[in-house]
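Q: Each chain is listed here by its residues.
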Amino acid sequence: MKSFRCLCFLGWFATAAAQAAPSDYVEDYDTLYNNLTVEKTGSVVELRARSRAGEYLESAVDLADPLRLVVPYTRTLFAAGFLQAEPKNVLMIGLGGAGFHRVFVHAFPDARLQSVELDPKVFELCRTRLDFKPTAKTPVAVMDGRLFVKRNREQWDWLILDAFRGGFVPPHLKTQEFYRECAARVSERGVFVTNLHQDTALYAADLKTIQSVFPQVVLFETKGRGNIVVCAVKYRSPDMGVAANWAALEKGNSKLAARIDLSALADERIAIPTEAVAKAQVLTDDFSPVEFLDASKANNTKKR
Amino acid sequence: MPLVFFYVLVVLLGILSMGFQLLASRLLNPYFGSSLIVWAWLISTFLAAFSIGSMLGGWISNAPAAQRERAQWITGALAVASLAFTAFFGRVVLGQIEVAFTELTTGLLVACLGLFFLPVTMLACFGPQCVQYLASRGTPPGKASGLVYGVSTLGNIAGVMLTAFVLIPHLPVSTLLYLWLGVALVNLSCLIFLLRSSSFVSSP
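Going down the list, the sequences are from chains H and X. For the first sequence, position 113 matches number 113 in our numbering, and the numbering has no gaps at all. For the second sequence, position 122 matches number 122 in our numbering, and the numbering has no gaps at all.
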């Protein structure tokens, strides 16, 4: 009986020790643009930004399995592959914790993935806490995303816009003029990708603005999270609204298929909310009340 | 002229100055982003304009009558003309600056000085003259100064809140710049008329 109690105690102690491993930590940083929290629990490191609605999960990485996409919408970003299956040159505006980057480099080892991040501290934490190691194929520029798009003259096969500052969306990255600048940098058969939140008035205005620049827009919804990944292209033909015209990504990229259920991803495609979009207003540099349209936004990416 | 009308003009002066700062940030964003660097340059430009405008206004308020009157017309005209320049050519100029100066801080310095410094300096000129106006009507100088800057700062707050929460969400920035131009034209005309009508004497 005594030895049984002893075993129970040892079992409890081992469980408690495992729950609060000595390597776990919570760190807070006040940066130039954000109030950030980095929390390590077990092998998962989360990068969160404080915002109006509490803490907003910017990114998370499982250090034990860096190819596991911890934040669900980052998986949905790979829907871009249905429209352009062989990206050689990719631009991502908004680095976060670079969770997306690790799977991308694994699935497309020959491609170059350029990132742009406004907050130098985010880049530093990404390297020191989230174990991201930039290489010649994954360079990072620390500057405003719009300035980068204007000044860099390269063509991108995927141009991904995923720039948030906590829950806040920079207004100058939501206008028709900016989307035109992006369209000018997307290659002829390339795809523009952006992550939107659907439970806000900004969503319809954003879609309408994107549609005013790109002739074809396809939407994918990260189920239960509120994230909508928009894929837009510059060409009119073939009709990318028809799934039969999509690239056979599952057969073409076994490495990606091994990490992501691509048929489930294809099923995440949703229709454009035409009624709401018809009522919405196109956002321009002259008129973009983004903060107000976005005011009712809930935190969509907090849960894992 | 009832004093309340004078205070309305002072409040409007405050609204014009600080509301313009928010419009300026919206003008700059597409060309230079919305980073801390942009805000640092913008705020510094406005503070420099307030500083130089106040000193210039102090000098004008103590100048001989004829010289003072001429200076009031010149500063008023410059304020309106520079606001008109920003309203009509602001975006074109910013586009040119963006191409000409690839270095962010240099571009921002040129943009802030070229588009925002002059109108705010000229608006700020009228603060000390309003103090002098009140003092000439028998208000002790210290009290006059406190009243004008207190009321003007209330106008600053109203300018920021009105612009941020009412105007920018409902109207395009270009329309708001034309509105600023119109209000400045009326406000400064009335103020110059009011300051001229008073018979305050310059100090030695």
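Please keep in mind that the hints were generated in silico from the structure rather than gathered at the bench. We put the CB at the ideal spot given by N, CA and C, even for glycine. There's no promise every hint is true.
Derived Cβ-Cβ restraints for the label pairs, each shown as a range [what the hints assert, rightly or not]: (1) H:E124 - X:S189: 48 to 58 angstroms; (2) X:Q96 - H:R189: 45 to 55 angstroms; (3) X:A100 - H:E188: 22 to 32 angstroms; (4) H:A243 - X:L47: 31 to 41 angstroms; (5) X:L109 - H:K121: 17 to 27 angstroms; (6) X:A40 - H:P238: 47 to 57 angstroms; (7) H:P215 - X:T153: 35 to 45 angstroms; (8) H:E188 - X:Q96: 28 to 38 angstroms.
Q: Each hint: holds or not?
A: A quick look at each hint next to the structure:
no. : hint                                : verdict
1   : H:E124 - X:S189: 48 to 58 angstroms : holds, 54 angstroms
2   : X:Q96 - H:R189: 45 to 55 angstroms  : violated, 34 angstroms
3   : X:A100 - H:E188: 22 to 32 angstroms : holds, 31 angstroms
4   : H:A243 - X:L47: 31 to 41 angstroms  : violated, 58 angstroms
5   : X:L109 - H:K121: 17 to 27 angstroms : holds, 25 angstroms
6   : X:A40 - H:P238: 47 to 57 angstroms  : holds, 49 angstroms
7   : H:P215 - X:T153: 35 to 45 angstroms : violated, 51 angstroms
8   : H:E188 - X:Q96: 28 to 38 angstroms  : holds, 30 angstroms
The structure fails to meet hints 2, 4 and 7 from the earlier list, while all remaining hints are met.
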